[in-house]
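Enquirer: Residues per chain, in single letters:
There are 4 protein chains.
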Amino acid sequence: MTPLNPSFAAEVAASFAQQPIMNLIGAQLSLVEPGVIEITLPYRADLAQQHGYLHAGVVTTIADSACGYAAYSLMPAGSEVLSVEFKVNLLRPAQGENFIARAEVIKAGRTLTVVRADVFTVAGDSDRELVATMQGTMICVRKRE
Amino acid sequence: MTPLNPSFAAEVAASFAQQPIMNLIGAQLSLVEPGVIEITLPYRADLAQQHGYLHAGVVTTIADSACGYAAYSLMPAGSEVLSVEFKVNLLRPAQGENFIARAEVIKAGRTLTVVRADVFTVAGDSDRELVATMQGTMICVRKRE
Amino acid sequence: MTPLNPSFAAEVAASFAQQPIMNLIGAQLSLVEPGVIEITLPYRADLAQQHGYLHAGVVTTIADSACGYAAYSLMPAGSEVLSVEFKVNLLRPAQGENFIARAEVIKAGRTLTVVRADVFTVAGDSDRELVATMQGTMICVRKRE
Amino acid sequence: MTPLNPSFAAEVAASFAQQPIMNLIGAQLSLVEPGVIEITLPYRADLAQQHGYLHAGVVTTIADSACGYAAYSLMPAGSEVLSVEFKVNLLRPAQGENFIARAEVIKAGRTLTVVRADVFTVAGDSDRELVATMQGTMICVRKRE
Chain P
1 MTPLNPSFAA EVAASFAQQP IMNLIGAQLS LVEPGVIEIT LPYRADLAQQ HGYLHAGVVT
61 TIADSACGYA AYSLMPAGSE VLSVEFKVNL LRPAQGENFI ARAEVIKAGR TLTVVRADVF
121 TVAGDSDREL VATMQGTMIC VRKRE
Chain G
1001 MTPLNPSFAA EVAASFAQQP IMNLIGAQLS LVEPGVIEIT LPYRADLAQQ HGYLHAGVVT
1061 TIADSACGYA AYSLMPAGSE VLSVEFKVNL LRPAQGENFI ARAEVIKAGR TLTVVRADVF
1121 TVAGDSDREL VATMQGTMIC VRKRE
Chain W
2001 MTPLNPSFAA EVAASFAQQP IMNLIGAQLS LVEPGVIEIT LPYRADLAQQ HGYLHAGVVT
2061 TIADSACGYA AYSLMPAGSE VLSVEFKVNL LRPAQGENFI ARAEVIKAGR TLTVVRADVF
2121 TVAGDSDREL VATMQGTMIC VRKRE
Chain D
3001 MTPLNPSFAA EVAASFAQQP IMNLIGAQLS LVEPGVIEIT LPYRADLAQQ HGYLHAGVVT
3061 TIADSACGYA AYSLMPAGSE VLSVEFKVNL LRPAQGENFI ARAEVIKAGR TLTVVRADVF
3121 TVAGDSDREL VATMQGTMIC VRKRE
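One line per chain: the protein sequences are P, G, W and D, in this order.
Everything in the first sequence is counted per our numbering, starting at 1 for the first residue and increasing by one.
Everything in the second sequence is counted per our numbering, starting at 1001 for the first residue and increasing by one.
Everything in the third sequence is counted per our numbering, starting at 2001 for the first residue and increasing by one.
Everything in the fourth sequence is counted per our numbering, starting at 3001 for the first residue and increasing by one.
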């Protein structure tokens, strides 16, 4: 996919740095390509639900930010991105050392962009195991001057 | 709705207390009735996304826990609850002093329970304003001995 | 809710009459109020899936049209409505003599409108039983001249 | 993916033949592999909504059946499949000569199976264009004797 904004990568990184929640949970931006974003999150016990698995809301937090920035990376300069809706299927208990949310744009539109994100666990060097998948819609709004 | 587990309220409270993420974000269980749960979350700047609104993932976190415990409140003793899937529509920017996620069971089944949660902002004593709504599925699993 | 288009009821009815699929399956518009639409569908064996229940896609067809027209009823004159996305939870086998999809607007926006629809079975004069619920997003597009 | 039921292909075909709605709309089973199903539907004017596009409910009908049979193809003998929930994003107006719904299982479980379906238009020999995508959950129930 061809980005409309030549400085998309810097703007994604700058916006991500302005999401305080990412700092609170310890998430990092690990891949920025046109229409594709990865966010990495090491497991922490204080992010868990009652069984010790990563809470589905935290899984959603990194998937949603990944989707938002995947959409944003294809928007023209001077845009802002907001989440319209998303749906998450939780496939396995979210247990592992590290989690990666990888989002890819399915259809970029002038107003609405549809994005999918998969959230994987990664233990050591082993294969990724899918724990959740998101399908969502992002909206492009013009930045207020 | 009639609870199958007479000590459902104590068990919901005990399980909620074992969700470390609720403590991290400052969420509290504020209503426990059969099939109905409310979770309250005061706004904090470190829970925000890049525009200062509560991150959609945090909105989802309290909505998902509310849905899970609403389902759990109707399950027989010896059950555990897990989220199967949910869908969230974000209706307005999540700005306000306090947020309440209110979940109500739509259909309780032996295996699957369908739940809806609305997330409101509450400023002072004024009316609730809806910021997001979730429709999701929870599954009942038998507790491992 | 206050309609922006004084002739919304006539326009909903006219548009519904232009949906050939409604005629094919035998669905009728049974209630038109601002932000609220009901569509009624008598059971027919040729609308069923392999167990004789109404196919989930047919349940969705009437729910989606009800949601679309509920959104459309609140749009300004000269608008068209399209479905952006919807999510359906199927709560019970869709068996019964008659089905009613009732849609209500949750949040009407200038571009996007969020709508919920419940699909009930109605047997004789007895109570409605909920078989499915939809949560979806509709978009307002200006009619091309 | 490895099928548990050696006669899965015959059973999918037999069950599909028992869905009267598929005959009503003119849909055909065009691919049956373990965990992968395609259903083909030629455009017909009586399946349209008010702008002449295939109604979103019809798009959903073939996507849902494709998802159901993709899940069913991996279930043990003596199972039945029902749809629990699905979410559909509509990406483009559904216009074209032929539509294909292609479903693939993402995660097959003993009780629940998560499936994705893409619906494409195919005009002549040209490339497929994606018009909608579904993410849903199917449930395995034991056949009643």
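No lab work stands behind these hints, which were simulated from the structure alone.
Here the structure is a predicted model, which is why all the values come from computation and not from measurement.
In this text, a Cβ means the ideal position worked out from N, Cα and C, and glycines have one as well.
Check each hint, because a few of them may be wrong.
Said to hold, decoys possible - Below are the BS3-like pairs computed for lysine-lysine, each with C-alpha atoms no more than 30 Å apart in a straight line:
id, chain 1, residue 1, chain 2, residue 2
1, D, Lys3143, D, Lys3107
2, W, Lys2107, P, Lys143
3, W, Lys2107, W, Lys2143
4, P, Lys107, W, Lys2107
5, P, Lys107, D, Lys3107
6, W, Lys2143, P, Lys107
As the list claims (entries may be wrong) - On the chain G side, residues computed to face chain W include the following (Cβ under 7 Å):
id, residue
7, Leu1004
8, Lys1087
9, Arg1110
10, Thr1111
11, Val1114
12, Gln1135
Said to hold, decoys possible - Per label pair, the in silico range of CB-to-CB distance:
id, chain 1, residue 1, chain 2, residue 2, range
13, P, Arg44, G, Lys1143, 37 to 47 Å
14, P, Gly52, W, Arg2044, 28 to 38 Å
15, P, Ala14, D, Gly3078, 50 to 60 Å
16, G, Glu1033, W, Pro2042, 49 to 59 Å
17, G, Arg1142, D, Met3001, 41 to 51 Å
18, P, Gly78, W, Glu2097, 51 to 61 Å
Enquirer: For each hint, tell me whether it holds in the structure or not.
Expert: Now for the hints, and whether the structure bears them out:
no. : hint                              : verdict
1   : D:Lys3143 x D:Lys3107             : holds (22 Å)
2   : W:Lys2107 x P:Lys143              : holds (23 Å)
3   : W:Lys2107 x W:Lys2143             : holds (22 Å)
4   : P:Lys107 x W:Lys2107              : holds (25 Å)
5   : P:Lys107 x D:Lys3107              : holds (24 Å)
6   : W:Lys2143 x P:Lys107              : holds (23 Å)
7   : Leu1004                           : violated (19 Å)
8   : Lys1087                           : holds (4 Å)
9   : Arg1110                           : violated (13 Å)
10  : Thr1111                           : violated (13 Å)
11  : Val1114                           : holds (5 Å)
12  : Gln1135                           : holds (5 Å)
13  : P:Arg44 x G:Lys1143: 37 to 47 Å   : violated (25 Å)
14  : P:Gly52 x W:Arg2044: 28 to 38 Å   : violated (51 Å)
15  : P:Ala14 x D:Gly3078: 50 to 60 Å   : holds (57 Å)
16  : G:Glu1033 x W:Pro2042: 49 to 59 Å : violated (38 Å)
17  : G:Arg1142 x D:Met3001: 41 to 51 Å : violated (27 Å)
18  : P:Gly78 x W:Glu2097: 51 to 61 Å   : holds (56 Å)
Hints 7, 9, 10, 13, 14, 16 and 17, counting from the list given before, are not met by this structure.
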